[in-house]
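Q: Just so you know, the protein sequences line up as chains A and B, in that order.
Counting from 1, one number per residue, gives the positions in the first sequence under the numbering used here.
Counting from 1001, one number per residue, gives the positions in the second sequence under the numbering used here.
Calculated from the structure, these hints are not laboratory results.
Ideal Cβ placement from N, Cα and C applies to all residues, glycine included.
Among the hints, erroneous ones may be present.
Using C-beta positions, here's what the derived DEER-type ranges look like [stated by the list, open to error]: (1) Ala1333/B x Met1/A: 31 to 39 Å; (2) Glu1335/B x Ala197/A: 39 to 47 Å; (3) Gly124/A x Glu1335/B: 41 to 49 Å; (4) Ile126/A x Ser1269/B: 36 to 44 Å; (5) Gly1245/B x Glu49/A: 40 to 48 Å; (6) Ser296/A x Tyr1329/B: 38 to 46 Å; (7) Glu1335/B x Gly47/A: 23 to 31 Å; (8) Glu1278/B x Pro139/A: 34 to 42 Å.
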Amino acid sequence: MIEFRDAIRDALAEEIERDPAVVFFGEDVAAPGGVFAVTKGLHERFGDERVFDTPISELALASAAYGAAVTGLRPVIEIMFGDFMALPMDSLVNQASKFWYISNEQGTVPLVVRGAVGGGGRFGAIHSQMHGTWFQGIPGLKIVAPSSPAEAKGLLKASIRDDNPVLFLEHKRLYSVKGPDPEEEVIPLGRARVARAGRDLTIVAISKGVPDALAAADELAGDVDVEVIDLRTLRPLDVATVLESVAKTNRLLAVEEGPRTGGWAAGVLGAVAQEGLHDLDDAWILATDETPIPYSPTLEDAFMPSTDAIVGAVRSRLSAAAA
Amino acid sequence: MEGSRVTSDIGAGPSVEAARAAMPAEGPPDRRWLDAYGRMLLIRHFENEMQRLFLKGEVHGTTHLAAGQEAVPVGVCLALEPDDYLAGTYRGHGHALAKGTDPAALAAEMLGRANGVCGGRAGSMNIVDLEHGLVGCYGIVGGSIGAATGAALTAKRQGRVAVAMFGDGATNQAYFHECMNFAVVHELPAIFVCENNFYGEFTPMQKVTGGRDIAARAAAYGMDSALVDGNDLWAVEEAARAAVGRARAEHRPTLLECQTYRHYGHSKSDPATYRPKEEVERWLARDPLTLTRERLLALGASEDDVEAVEREARTTMDRAAEAALAGPYPDPATERATEFAP
Chain A
1 MIEFRDAIRD ALAEEIERDP AVVFFGEDVA APGGVFAVTK GLHERFGDER
51 VFDTPISELA LASAAYGAAV TGLRPVIEIM FGDFMALPMD SLVNQASKFW
101 YISNEQGTVP LVVRGAVGGG GRFGAIHSQM HGTWFQGIPG LKIVAPSSPA
151 EAKGLLKASI RDDNPVLFLE HKRLYSVKGP DPEEEVIPLG RARVARAGRD
201 LTIVAISKGV PDALAAADEL AGDVDVEVID LRTLRPLDVA TVLESVAKTN
251 RLLAVEEGPR TGGWAAGVLG AVAQEGLHDL DDAWILATDE TPIPYSPTLE
301 DAFMPSTDAI VGAVRSRLSA AAA
Chain B
1001 MEGSRVTSDI GAGPSVEAAR AAMPAEGPPD RRWLDAYGRM LLIRHFENEM
1051 QRLFLKGEVH GTTHLAAGQE AVPVGVCLAL EPDDYLAGTY RGHGHALAKG
1101 TDPAALAAEM LGRANGVCGG RAGSMNIVDL EHGLVGCYGI VGGSIGAATG
1151 AALTAKRQGR VAVAMFGDGA TNQAYFHECM NFAVVHELPA IFVCENNFYG
1201 EFTPMQKVTG GRDIAARAAA YGMDSALVDG NDLWAVEEAA RAAVGRARAE
1251 HRPTLLECQT YRHYGHSKSD PATYRPKEEV ERWLARDPLT LTRERLLALG
1301 ASEDDVEAVE REARTTMDRA AEAALAGPYP DPATERATEF AP
C-alpha cells in the first residue's frame, strides 16, 4: 500500500534520477518539502541544481519552465494551489501550448505543472477550485487528474516523459489516501479506464470523483449495477471508452466537482450524444451550484458532489424514470 | 520629460555632427562592423518591403515594423555566440534577422507561405527559429522576458546566455518584474534588453511609467544596468559585450535600456500622429543607418567597401522577397498538423 502523496514524490524522484534533464521547482517545494508535504527529501537527495525553491512569482515560474523546456530541459513546476493558475495563464496558454504548432514543429515543450486542487478542505472559494476546465479549450495542453495513488504515480511519470505541456491536478483530499502499489511503470495519457464494471449505469468522473463514484456504486449495488469510468485526462478526452460503456449500460451520469456551465461533463455528454445517441436512454450531470465554493463546513459539504449526493441523484433519477 | 533619464532629450542630443566628432580614432573597422551595417540595412530594407507588401495585400492581418531601431538587435547579437538564445517581440523582424534567420524564410512567413520559417503557421508576430537560437517572438507584451528567463536556466548548464528583447511598454508588466527578480535570485545568465522607443503603442512612456527611469529599476533587484544610446551600434555592442561577459562568467544578469525610435507607427494602421513633428525630425536626423555609415567611413572604411555592403543588402532583400512571393500558400488539403508532439 502507498499513500497518494508518497506516490507523487516517488514518481518525481524516479524521473529526476532517470533523466538529467528533469528539474523541479516551485514555492516551498525544496527545503520545506511542500505545503502538503509531498516533496520532502527531494532537495536533500538531488541538490540545488535539480530541485529548488522560487520566489512567489507564478508567471515567472511558468514562463521559466516554458523557456527551459523549449531549450532542452524537462521542468516540473508546482503551482501550490490550482487557484493560482490564473496568474501564469499567459505563459501556459499563449506560449507553452502553442509552441509545437506555430513553430511548425521545430521543437517540443516537455513541461509539467503540478497543482493541488479541489474542495472539501475548508479552504474557501480561492483555494479550492478545479482549474482543469479553465484550460480545457486550449489545444496543445494536456490535462491529467489522477484518482488513486497508483494512478498518480503512473500518470505523473508519463506526464514527465511526455513532450507536451501537461497540467497535473492533485486533489487535496486524496493526498492522505492509501491504495495498492502501482502495477504499471507508466500509464499512457489519454486513455480512460473502467474503474468498476457494471451493466445498468455508467458514471464518469475524474480525480476524487472516482473514489466517490466507486463508493456510491457500492451503496447502490443490488439495486443498480454501476460502471465507473475514470477519464484520467480531460484533454485528450477519451470518448471512445465512454461510448463503449454506454453501449452496454444505456445510461450516463457525469459527476463534476465544479459548475455545469463551461464544465467538462457537458462536453462528455455532448460527445456521447453526437456519436452514441442511439445507445442512450438517459444522460445527465451532477455538478456543483453555479456559485463560488463556500467556506462554512455545512455549506461546503452540501456544495460538493459527494458519495451521498451521487447515490441520491441516481436513486431519484431512476425512480422518476420508472414512475 | 522632467525626471526621466534619457541619453538625449528624445533626440535633442548628439546630432550627426556631434556623433562624428565623438568618434574615437581607432584603426580601420574590422569586417564584422561592415557586416553589422549590412545586417542593419537588410532589416531596414526588410521593413520597408513588408510595408510595401502589406499595402499590396500580401502581408496579412497586422505587422509591427522596427525601422529606426536596427542598431539595438544587431549590436546585441554582435556580442553573442551563434548558439546563445534570444527571445524577441511582435516587433521582431529585426530580432530574427539579427540572430541569423534567413530573410527569404522570414519574408515568406510574413506572407503566410509554406516556405516561411514556420511554414506559415506563425505570422509576423510569432516567429520561432530554434536553429538560430531564436526561442520565439511574442505577441503578448513582456512574453519574451519569460521565455528568455527560462532559456537562461538551460543556458546556465551549457555555458550559453539568453537575451530578452522587449519594449518600454513591457517594463510595467508582471513578466518584467517577476523575471528580473527570478533571474537575480537564481543567478541566471540573462540579458534583459529594453528597446525604449518612448511609446507603448500610442501612449508616451513618460505618462505611464512610474519613476520614468527604466534602467534604474534594475537597482531595486540588485541587478547591473546600463543606459545606452540605442542608435549607436558601437555603444550597444560595448554594453552588450560587458553584459554577456558578466552573464557567461559570473551568472549575473543585466538590464540594458537602449533608447531608440521607430520610424513607422505602432502597427500597420497607425500614422503615429501623436508624436510631435519636431521630435520625429530630431530622431530621423539620428538615423542609426546614417550614424553607422558615417562612423565606418570615419574609422577608415573605404567608400567602395561601404557601397559593396549596401549593394549586397539590397540584392539579398530583393532575392528574399522574390523567393517569398514565389512560395506556395500552405494547402489545407495536405496540411498534416497534429495537436500534440508524438
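Q: Hint by hint, say whether it matches the structure.
A: Evaluated hints:
no. : hint                             : result
1   : Ala1333/B x Met1/A: 31 to 39 Å   : violated, 55 Å
2   : Glu1335/B x Ala197/A: 39 to 47 Å : holds, 41 Å
3   : Gly124/A x Glu1335/B: 41 to 49 Å : holds, 47 Å
4   : Ile126/A x Ser1269/B: 36 to 44 Å : holds, 40 Å
5   : Gly1245/B x Glu49/A: 40 to 48 Å  : violated, 23 Å
6   : Ser296/A x Tyr1329/B: 38 to 46 Å : violated, 60 Å
7   : Glu1335/B x Gly47/A: 23 to 31 Å  : violated, 45 Å
8   : Glu1278/B x Pro139/A: 34 to 42 Å : violated, 49 Å
Checked against the numbered hints given earlier, the structure breaks hints 1, 5, 6, 7, 8 and satisfies all the rest.
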